[in-house]
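Student: Sequence:
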Amino acid sequence: MSIDLNSYERVTSEMRKAAPGLTAEQMQTFIAIVRYGGRSQSEIGKVTGFKRQTTSRHVAKLVSVGLIAQRRGLDGRRRVLRLTALGRLIPATLAGASKASRSR
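Residues in the sequence shown are numbered from 1 upward in steps of one, following UniProt numbering.
Where hints are given, some of them may not hold.
Stated by the list, open to error - Within a straight-line C-alpha distance of at most 27 angstroms, the following computed BS3-like cross-link-like pairs (lysine-lysine) qualify:
| id | residue 1 | residue 2 |
| --- | --- | --- |
| 1 | K46 | K61 |
| 2 | K51 | K61 |
| 3 | K17 | K61 |
Note that these hints are calculated values from the structure, not bench results.
Since the model is a prediction, treat every value here as computed from it, not as a measurement.
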């Protein structure tokens with residue numbers, strides 16, 4: 001997963017405001033969920049390269065701070081990760097800031 005330095009700094013800045021205390025790895029997990037939402041925890045783990053247990057801890061933290069939620073998938077078996085209303089604010093804020101900086 002690649003993200004340019006300016007984007008990463010904006011994302012981490014917004015995430016620190018929304019959920020102080022998140023680690024860089026938890027932020028990376030969140031970014032993967034933003035990019036690949038609707039996937040299972042194991043799929044997100046594959047994208048980030050984190051071990052299953054590590055991904056599980058990151059997801060638990062992101063759920064506890066209200067940025068993501070786990071829902072049953074369409075098959076009724078697997079659980080998929082989705083952004084909450086609070087979680088959706090971060091990418092929306094970044095998109096707005098990006099548009100504003102380009103119009104200057």
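Student: Any hints this thing doesn't respect? Which numbers, in order?
Tutor: As far as the earlier hints go, not one is violated by this structure.
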